[in-house]
Amino acid sequence: MLKLAWLIPILPLLGCAFNGLLGRKAGKAAVTVVALGVMLGSLALAGLAFFAAKAAPGGRLDLFYFDWVAVGHLKVPFGLVIDPLSSVMALVITGIGTLIHLYSVGYMWEEEGYARYFCYLNLFVFFMLLLVLGSSLPLLFVGWEGVGLCSYLLIGYYFETDFAPAAGLKAFLFNRVGDLGMTMGMLALFAAFGTLTVSEILVQAGHLAPEAAVGVLTFATLMMFVGATGKSAQIPLFLWLPDAMAGPTPVSALIHAATMVTSGIYLICRLAPVFVLTPITLTTVAWVGGATALFAATIGLFQRDIKKVLAYSTVSQLGYMFLGLGTAGFAAGFLHLFTHAWFKALLFLGAGSVIHGMHHQQDLFKMGGLKAKMPITFITMLIATLCIMGFPGTSGFFSKDEILYLTYLKSPVLYVMGLAGAACTAFYMWRLMGLAFWGTPRDHHAYDHCHESPATMTIALSVLAVGALLAGLLGIPKVWGGTFAIEGWLEPALTYGRAGAEPAAEAGSAGLAWGLMALSTTVAIASGLTGFLIYRKGTASEEAFALKFPGLYRVLANKYYLDEGVEAFLLAPVRWVSNLLWKFFDVIIIDGVGLNLPGAVTRVAGDLTARAQTGRVRNYALGMAAGAVLLLWIFLK
Amino acid sequence: MNPVHSLLCGGLQGYILVALLLFVIGLFTVLNRRSALMQFMGVELMLNSANVALLAFARFRGGDVQGTVFYLFIIAVAACEAAVGLALVVGLFRHRQTTDTDRADALKQ
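Residue numbers (the numbering used here), protein chains in the order written: chain A, 1 to 637; chain B, 1 to 109.
Since the hints were made in silico from the structure, they are not lab data. Please note: incorrect hints may appear among the correct ones.
Stretch by stretch, here's where chain A covers chain B in the computed footprint (C-beta under 8 angstroms, at least three residues) [unchecked claim]: (1) 24-31; (2) 93-107.
Straight line, CA to CA, 20 angstroms or less: simulated SDA-like cross-link-like pairs of lysine to any residue [stated by the list, open to error]: (3) B:108 to A:602; (4) A:371 to A:462; (5) B:108 to A:619.
Built from N, CA and C at the ideal position, the CB exists for glycine as well.
Let the hints inform the model, and build the full structure from the sequences given.
Structural data, given as structure tokens:
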């Protein structure tokens, strides 16, 4: 097994090479077989790696291949780390990735550029696995940038349209801001520890006294968190994710819900032993996460585009994960990452199935009554909705309640924000379900042609639905008689290198846990029921609400005018300054004074001296004679 | 010996004077005439004035052989140069149907 571990990321790369170079000639069948085959191979190897790591001493395998960079003090090995954290992540990527590849076969079959699509998708899986398995921060960063590239390529997949390439560019630019933070964080860690290998950093950090080097570590972790806000779409860098919905829906499910956008959470979990040393950063993470969870959820309330609802929901759920991390509940945050990957991928694929069935209709107000037409899609989406609203017993319930419980222990204000966000979540999800599946069809033409999706899509939906229901079993809390298994399971990774004693376990009683659980469940069910009862009948009540509170409705539906704000306060000044630099500095100073002025002087001087050139041999001869006389006079004087 | 006697009866100054006259005549020919052929002859005159001066100095230094050798070299080189120069004049004439150097001003444009 150990000898084959490098194949986990390499297989998708080979698939990408085949589909990219030969895919068009080889035909759709060959592309399908290769793309799915490499994913299945990678999944099998990741499964083997998972068990191999479990059996290994310390629960981790360090695989070293060669020295990648060796300059002075900087030594970066090229190696993979397989520990509980990275192997679970790899299983999520390859497992859900395989299902989404399968789903894409049905979804993309009619599209132009079938081979190109699978080439990008395989490349994405390669970079994502590199990000997760890489043993050093630079290698992680290669994957980090690579998934950004694939995200850009896949958002702009429909490159003939106007908005898709622009959305891709927007995603790239927002990520660039975050990546600057990430780079600075890496440099700060190198300054503090003299190495960029993750395990060495963690061992050194584990031996630090709690107060030592807190300044530089706080800076480093804050910068890392800036990188995470870019990739994982948190305030203030979240505006790109809703626009990223311009890509094909399976891409939204794989990249912009299940895997890539969670790499910020993964990064923080990876460096958890450093983050626990910096309480300032953790508090920042918690507040940013909490604010994003609530803020994005409110925007999701009145979106009409089914994918936009899910996009804001993703931003909001990522906020919950950061909220969990910020309370030092790394296991809870990671559990939510895990469960969210299942149910959000399922929601997106369900939405994709609806869009596919409705012939690219994404407007919820044009749907309605699809329950009977698309039974499998309906049932699987219902399961996912129950998961995301936190219905007792489903996966989202366990992960979200654990986070909310830890949040309450940290700060009741944050808890209220999280609870309000959860209420919004239940409301907009049941609004979506009510509008799409219940009621009467509002677009009869689309409804009449609507059909259930092909088998490759429904199989993927069904498997994901089972996964979404069962994913929570990893985190059954203690008050339910479970062990919160994921915490003990991830412990070798989350506390790697820690030399001192464990921090004291959180206070809190079983009664408190039961109370909070009951409260959040009641709020979620009440809010979800309200949403369902209002929207089951159609869009009339929302239109009435929009008439009654036009200001509030417009602000929410237009996402607080944030894009317009960015345009007015960030882009417009930049454009103004650029215009000034162009019209004044470039045209007048550089082109005018710098280039054209010396040119003009030379030309005038040339014109003047050219007068002396008569073209007559006699004049030149006279000049020579006069010169000779002059020289004679000088020498003989 | 008075200067005039010396000038007329084989003194050095006489030779120098002749060389100078030859040189000035040659120079004015080059500067005044527009025909390439005439200018060329002026150049040859100037060369020969230098030869006269060389031989005179050689003789009055007591039969110095260097001056004589120089003169022979210059004659040889001038012969070659005459061939090249005449070829140039012919070439100019073929192009312009004239040997007027004032009209050979294509580079000025």
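Verification of the supplied hints:
no., hint, result
1, 24-31, "holds (count 3)"
2, 93-107, "holds (count 6)"
3, B:108 to A:602, "18 angstroms, holds"
4, A:371 to A:462, "16 angstroms, holds"
5, B:108 to A:619, "13 angstroms, holds"
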